[in-house]
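K.L.:
Throw the hints in and build the complete structure from the sequences for me.
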Amino acid sequence: MKTNVETSATWSSLNGYDDTITLEVKETITVSALFLDVYEDDNSGEVTVSILDA
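First residue of the sequence shown: 1, per the working numbering; consecutive thereafter.
In short, the hints are calculated from the structure, not lab data.
Each hint should be verified, as a subset may be incorrect.
[Said to hold, decoys possible] DMTMM-like cross-link-like pairs, simulated, lysine to aspartate or glutamate; straight-line CA separation at most 20 Å:
no., residue 1, residue 2
1, Lys2, Asp18
2, Lys2, Glu27
3, Lys2, Asp19
4, Lys26, Glu6
5, Lys26, Asp53
6, Lys2, Glu24
P.N.:
Take a look at the structure:
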């Protein structure tokens with residue numbers, strides 16, 4: 001969902017397979033990512049954090 005509202009900070013919760021978030025960054029920022037998995041029996045796959053210079 002695109003809000004078209006500028007903000008100085010944001011967060012997002014991605015809860016499904018193939019979920020993504022795209023941010024338009026207008027100045028230097030710090031990006032942090034946290035992955036929590038509380039169900040140990042299915043610990044397979046990967047999390048990818050990508051930063052692209054447009």
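K.L.:
What are the numbers of the hints the structure violates, in ascending order?
P.N.:
Of the numbered hints given earlier, the structure breaks none, since each of them holds.
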